[in-house]
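K.L.:
This is what each chain is made of:
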Amino acid sequence: MVFNSYTFIAFFIIILILHNLPFSWKVKKINLLLASYIFYAAWNPPFIILLWISTLIDYFVGLKLYDEQNPAKRKWLLAASLVGNLGMLGYFKYGGFMLENFVALTSALGIQFHPAEPNIILPVGISFYTFQTLSYTLDMYRKTSPPEKSLLDFSLFVTFLPQLVAGPIVRPGELIPQFKQPHVATREQLMKGLFLLSLGLFMKSVLADTLLAASADTVFGAPMPLLALDAWLGVLAFSGQIFFDFAGYSTCAIGIGYCLGFSLTENFKYPYAAIGFSDFWRRWHITLSTWLRDYLYIPLGGNRKGEFRTYVNLMVTMLLGGLWHGASWTFVVWGALHGSYLCVEKLIREKIVSKPKPPEQAIEAPVIVQASIIPVSKSSSFNNFLLALFTFFLVNVTWVFFRAEDFPTAWRLLSSMFGQASNGIAILATIDMIKVTVIVVCMVIAHWFMRNTSVMEVARNMKWWAVSIVWSLMIIALIVSQKSSDSFIYFQF
Amino acid sequence: METRYLVQTSILTLALVIATIVSLEMYWRVRGFTPTYNDDKVLWSTTRKQVYKPADEATVFIGGSRIKFDLDVPTWEKLTGEKAIQLAIVGTPGRLILRDLANDKNFKGKLIIDVAEAQFFSFPDSARRDRLAREALAYHYDETPAQKASAYINYFLESRLVFLEEGKYGLTSLLNDLKLTNRPGVNVSPGVFTPKEFGVVDFNRQTSITPMFLANPKLQQRQKEFWTRGIKMASPIKGDTLHIFLEQTKKAIEKIRARGGTIVFVRPPSDGPYIEMENRLYPRQKYWDYLLEYTNIPGIHYADYPGTANLICAEWSHLSRQDAAIYTSQLVKILEEEKGWTFPKKSKSTTQIINR
Chain A
1 MVFNSYTFIA
11 FFIIILILHN
21 LPFSWKVKKI
31 NLLLASYIFY
41 AAWNPPFIIL
51 LWISTLIDYF
61 VGLKLYDEQN
71 PAKRKWLLAA
81 SLVGNLGMLG
91 YFKYGGFMLE
101 NFVALTSALG
111 IQFHPAEPNI
121 ILPVGISFYT
131 FQTLSYTLDM
141 YRKTSPPEKS
151 LLDFSLFVTF
161 LPQLVAGPIV
171 RPGELIPQFK
181 QPHVATREQL
191 MKGLFLLSLG
201 LFMKSVLADT
211 LLAASADTVF
221 GAPMPLLALD
231 AWLGVLAFSG
241 QIFFDFAGYS
251 TCAIGIGYCL
261 GFSLTENFKY
271 PYAAIGFSDF
281 WRRWHITLST
291 WLRDYLYIPL
301 GGNRKGEFRT
311 YVNLMVTMLL
321 GGLWHGASWT
331 FVVWGALHGS
341 YLCVEKLIRE
351 KIVSKPKPPE
361 QAIEAPVIVQ
371 ASIIPVSKSS
381 SFNNFLLALF
391 TFFLVNVTWV
401 FFRAEDFPTA
411 WRLLSSMFGQ
421 ASNGIAILAT
431 IDMIKVTVIV
441 VCMVIAHWFM
451 RNTSVMEVAR
461 NMKWWAVSIV
471 WSLMIIALIV
481 SQKSSDSFIY
491 FQF
Chain B
1 METRYLVQTS
11 ILTLALVIAT
21 IVSLEMYWRV
31 RGFTPTYNDD
41 KVLWSTTRKQ
51 VYKPADEATV
61 FIGGSRIKFD
71 LDVPTWEKLT
81 GEKAIQLAIV
91 GTPGRLILRD
101 LANDKNFKGK
111 LIIDVAEAQF
121 FSFPDSARRD
131 RLAREALAYH
141 YDETPAQKAS
151 AYINYFLESR
161 LVFLEEGKYG
171 LTSLLNDLKL
181 TNRPGVNVSP
191 GVFTPKEFGV
201 VDFNRQTSIT
211 PMFLANPKLQ
221 QRQKEFWTRG
231 IKMASPIKGD
241 TLHIFLEQTK
251 KAIEKIRARG
261 GTIVFVRPPS
271 DGPYIEMENR
281 LYPRQKYWDY
291 LLEYTNIPGI
301 HYADYPGTAN
311 LICAEWSHLS
321 RQDAAIYTSQ
331 LVKILEEEKG
341 WTFPKKSKST
351 TQIINR
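The listed protein sequences correspond, in order, to chains A and B.
Using my numbering, you'd call the opening residue of the first sequence number 1 and step up by one each time.
Using my numbering, you'd call the opening residue of the second sequence number 1 and step up by one each time.
Think of the hints as simulated: they come from the structure by calculation, not from any bench.
Even for Gly, the Cβ is constructed at its ideal location relative to N, Cα and C.
Among these hints, one or two may not hold up.
Partial list, derived from the structure: chain A residues whose beta carbon lies under 10 Å from chain B [claimed, not checked]:
(1) Ile-14
(2) Phe-131
(3) Phe-195
(4) Asp-432
Restraint ranges, calculated between C-beta atoms of paired labels, are given here [claimed, not checked]:
(5) Trp-465/A / Gly-32/B: 34 to 42 Å
(6) Tyr-91/A / Thr-342/B: 47 to 55 Å
(7) Arg-160/B / Leu-34/A: 30 to 38 Å
(8) Glu-247/B / Phe-407/A: 31 to 39 Å
(9) Pro-283/B / Tyr-91/A: 54 to 62 Å
(10) Trp-465/A / Tyr-152/B: 34 to 42 Å
(11) Arg-160/B / Val-316/A: 53 to 61 Å
(12) Asp-177/B / Leu-473/A: 13 to 21 Å
(13) Tyr-5/B / Leu-473/A: 35 to 43 Å
Isolated chain A, as found in the complex (with noise of 0.2 Å):
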């Protein structure tokens, strides 16, 4: 079930309701659960499976883990929660993947291997709700926080439909805590949490779906060279497009979480607006990016073991993070380009700024959450703007590998950008043209204004007819635009 559909609005006010209905708070979150499932087997009911498969594996490991004093027995558990875990992640995510490369590796080496077509369908948000369990069993493994003993919060935290298939990927600590508890929107909650939850459909439906996808599509899908300006038009319209798809996703889950009275982690916070990569970092998929360096970037060794292993820990986190986001070779790309961009950004900062090496600080300060490019100060705000802009042109470089379908169409596009094509040709209307000029000039004009701030903040210092009139231009624009069955781009993740 995807938010921008009258399903889910059905649906949701009966959630609601049951949740503002004087039942027990055990009920009401039996309550939860089985609409976060129903939620779930609404694309594909038997993909429900591996939903409770990942959550009893995780739920029990957990238990044994935390107590569990044996050295080698503690391994034995982790290893049997990843197997669990990454097996069906791989299988279901990166087996045609696998299998296509192991075919084309035995066809290098002269051996005609021909298997048949995999036909393997994707769960939904599998990736998410993997790296969801890991982290609760990561977390019993190293002892940072004590089992969950109920089953039912345990589940839930699992599936909570707010986040369970785009995310944010939310940590045990900040969600099963609000599980103890009765939790009931307050009036202010529960329009806090509409408002997100207009603004979060406003982006992917009106901003993402109706105004900037046909553009990013028709650029992407183009089998020959384009003119540069057409092809910039297009990168920029997937830059707006997969930034309004996947942080209104986030703004939904967010207010959907206000609106049953929990609060979930902040996602994005105009990233548009980031100086430097680390910067964008801290700034686009947040609750990812904390993961890569809590379970990955850290345990690989962070920063503690030398220069040239912070680099090679880097490029391993970065990479794999490509390859979190899809089975392709392009993703893999997309994170070497974005591992590239924070190791020369280190080595700028380290050897040619010269600012002071930050004191080490064990696993609170890794590379992927350290300053920018230079230090921002306050007096040069139109050169930090520029720094922005230009941390936002490399980005775009970035978008071509992630959004093209494969490498010869990522070099077709990135050679009509830079002028290297020929016989380029002009393919964009020219309402289309003005769509995504318009909407990318406002979104990072937007970003670099709000860069400090949140959508909240800013509301709650407007006047109220003010918050009113935004408010209702969103409903407004939501219901003209009539976008109401196109999935969001981070489900397939």
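Based on these hints, arrange chain B on the given structure of chain A.
P.N.:
Frame of chain A, contents of chain B only:
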């Protein structure tokens, strides 16, 4: 959001939204528009699910816009006592749908394929021509339970509210109404040029020209100019490409026939200078006749029958609802008398109507 004014904020928001939506709905109704269905992949998929009816209960129609306008579904159902399952998709040649039905082992029914040469004999699997068919098929096979439920809520609302027809009144369509001039060489979707007044879609997917369009020569002229531009850009397939396409078509047809299915090609009417251009680009002998000969499938060309040869298309390419009823009754008559089709469920009174 000022905490003290939460109630005021929500009441004003709701009032503004309701006032705008009511005004919008009234605006379209005052201009003469009526509720219609989104002719999209969702409605197509709902219709596609009906193809498994026994051969003596239904006939499936595939192709492009001509058969969607020219087949009058109520007339067909009244005359034959059978259901007309309209699977044609505007702007597409129907070949992907033919292949889909051929590969569906459970489809064993009667099939009528609309042949509008500029579409039917366009380059096989061309991304632009087949896009809508590809999307419809993908949606049909991947449709989730949630999407099914949403579809029925959509149908309920669309049949009551004018402004919910995305193709005409959606934000994209409203922006396209600005009709900004494009750079040379930029091709845009035909929907951008089609006037909102042109057609309405029923739940059975029949499309009909509206009385507003029939009463407005300016709109008809605009549409004629658009068709003319389109046909001038047509590039007929020839040589090997034509043979490969005909071979693919024949194979698909043979699969259906092997299961007991029955197929007929139809060439619905077109008119004026448009038919002259069609005949020049796609000479009948080289395309229509050759198609029938190659596939060994019977065909009904409108020009061969006095009852259909003189029907007039308001914008040179599609029949009005009234003429669609005439064309449909003639089609049923030809199928029965000449092509050996039987309609066991039709009543005696309908036989009298046809023979009148």
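K.L.:
Does each hint hold? Answer for all of them.
P.N.:
To see whether the hints hold, each was checked on the structure:
For Ile-14/A, the interface hint is violated, the least distance from its beta-carbon to any beta-carbon of chain B being 13 Å, above 10 Å. Against a cut-off of 10 Å between C-beta atoms, the interface hint on Phe-131/A is violated, since the closest Cβ of chain B lies about 23 Å away. Interface restraint check: Phe-195/A against chain B, minimum CB-CB distance 7 Å, threshold 10 Å, status holds. Hint status for Asp-432/A: holds, given a least beta-carbon distance of 9 Å to chain B, under 10 Å.
Taken as a hint, the range 34 to 42 Å holds for the pair Trp-465/A and Gly-32/B, whose Cβ atoms sit roughly 36 Å apart. The given range of 47 to 55 Å is respected by Tyr-91/A and Thr-342/B, whose C-beta atoms sit roughly 53 Å from each other. For the hinted restraint 30 to 38 Å between Arg-160/B and Leu-34/A, the CB-CB distance of approximately 32 Å keeps it satisfied. At roughly 33 Å, the beta carbons of Glu-247/B and Phe-407/A sit within the given window of 31 to 39 Å.
Restraint check, Pro-283/B to Tyr-91/A: a C-beta distance of roughly 56 Å satisfies the suggested window 54 to 62 Å. Restraint check, Trp-465/A to Tyr-152/B: a C-beta distance of roughly 38 Å satisfies the suggested window 34 to 42 Å. Our hint of 53 to 61 Å for Arg-160/B and Val-316/A holds, since their Cβ atoms are close to 57 Å apart. The beta-carbon spacing between Asp-177/B and Leu-473/A, approximately 20 Å, falls within the hinted interval of 13 to 21 Å.
Hint check: Tyr-5/B to Leu-473/A, Cβ distance near 18 Å, so the stated range 35 to 43 Å is violated.
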